[in-house]
Structure formats: C-alpha cells, structure tokens
Amino acid sequence: AQTVTQSQPEMSVQEAETVTLSCTYDTSESNYYLFWYKQPPSRQMILVIRQEAYKQQNATENRFSVNFQKAAKSFSLKISDSQLGDTAMYFCASSQGAQKLVFGQGTRLTINP
Amino acid sequence: EAGVAQSPRYKIIEKRQSVAFWCNPISGHATLYWYQQILGQGPKLLIQFQNNGVVDDSQLPKDRFSAERLKGVDSTLKIQPAKLEDSAVYLCASSLVVAQPQHFGDGTRLSIL
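From first to last, the protein sequence lines stand for chains C and Y. Position 39 (the first sequence) corresponds to 39 in the working numbering; numbering is contiguous. Position 39 (the second sequence) corresponds to 1039 in the working numbering; numbering is contiguous.
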C-alpha cells in the first residue's frame, strides 16, 4: 500500500523568501507519479506540480520546483520568491500506476508581509 | 473550459438523516473520483469511476454510502443514514483519462449535528 508523510504541520516565512516543504512516500510500484496540490481556504485543490517517477529530471513550474530523490523516496517542494497568494495548505500526493491519489496530512504554509 | 461543478456548497443535517451530493465533471473527462476530506487531514478516495463503471470503491462504507454515475457524466454521492463521523468536505475530481492529472471541484462541506 502507498503511504505519504508530511512531517511539517505548519510553516511560516516572510514574503519574497524561499521555502521548502518536505514529503516522503512509500510504494512498492516502479511506475508512479508524485504531485503537490495547493488548497486555499476556498477548498479547491489546485495542482501545483507533477513528477513522473521514471524521469530523473526534477520538475519545475515558474517559482515552484521539486527535489525528487527516488532512492530516498523523498519529494520536496521549493517555492522561490514567495508571495502572499501562496498562503494555503499544501498536500503531497502519490498515484500508483496512475490510479487513485494518496495524500499526505498537509502542511499549512503562511506567507507573512 | 468550465471546471468541475459541485453542489451544494454547504449542507447541515442531523444524524441519521440522508444527504446527496452532485458532481458535474469537466466535459469529456472519462474518470471521476469522490474524496472525503476530514478536517485536518488529506483527502481520502471513496470511489473512482471510469465512464459509468466503478474502478475502485474499496474505501467506500457501503452500508451507508452509495454513488452512481449514470450515462458516464454526472455523479451523485449519497449517505444514508448519516453519522457524526461523516462530517467532512466531499471533493469531486475528474481527469481526461486515468493517467492525466485530476481537476477538483470546490467541494461540499457537510456538517452533522
């Protein structure tokens, strides 16, 4: 069975700083995907970034990038030049064979002005 | 394109009553998911449809929860009778095909009194 663990319940940084959110996962499959989703108070889950396990290159999307360490089963999210609008819950998730998403417990990120 | 639509946005009922949630996925999306998100936790998959067939309902409490996706488009999730522990946000998501990222609706917040 898949498991996803986020060890940081809350984080807080100043605007324009860089912040890294941690995530570890466990899976017995060789074909899987990893995701970071953002959930603002509006409740809608918004896809931030996606990583295919077979790709060694770390995914990037503008200010968002990941550090994917396959052997360590680690998948951290780095947010550069953080903005007030980045304040939200962030969930790490894995998808085994492109089936259901298994989510971690989430990290509440606050960007302070 | 229009996103995943869910209704109602909020629902308050008493325990032992019944309730139903509706989801309209993005047009053309074959795969539809229902997740339960209890406060302070990550979403958990309840049921996954591929067109109008069930792919995974292993975590659906079938003694009280039911879901259907008639004609492979809209879906309804029902709880009968509701228990206090069913208080949660119910999220609907859809994807073009199983391997593609999931797009989420705004969810329905259910409160059981």
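Everything labelled a hint here was simulated from the structure, so no lab data went into it. Hints are supplied without guarantee of correctness; some may be wrong.
What the hints assert, rightly or not - Derived lysine-lysine pairs resembling DSS-like cross-links, with alpha carbons at most 27 Å apart:
#1 Y:K1011 x Y:K1044
#2 Y:K1062 x Y:K1078
#3 Y:K1083 x C:K73
#4 Y:K1044 x Y:K1083
#5 Y:K1062 x C:K70
#6 Y:K1044 x C:K78
Does K1083 of chain Y sit within 27 Å of K1044 of chain Y, going by the straight-line distance between their CA atoms?
OK: K1044 of chain Y and K1083 of chain Y at ~17 Å, within 27 Å.
Check the hint pairing K1083 of chain Y with K73 of chain C against an upper bound of 27 Å on the C-alpha distance.
Judged against 27 Å, a Cα distance of about 37 Å means the pair is violated.
Check whether the Cα positions of K1062 of chain Y and K70 of chain C lie no farther apart than 27 Å.
Roughly 37 Å separates the two Cα atoms, so the pair is violated.
Taking 27 Å as the top limit, are the C-alpha atoms of K1044 of chain Y and K78 of chain C close enough?
holds (25 Å)
Given the hint that K1062 of chain Y pairs with K1078 of chain Y, does the C-alpha gap stay at or below 27 Å?
holds (10 Å)
Would you check the hint for K1011 of chain Y and K1044 of chain Y, treating anything up to 27 Å between C-alpha atoms as holding?
The given pair, whose Cα atoms are some 20 Å apart, holds under the 27 Å limit.
When the structure is compared with the earlier hints, violations turn up for hints 3, 5 and for no others.
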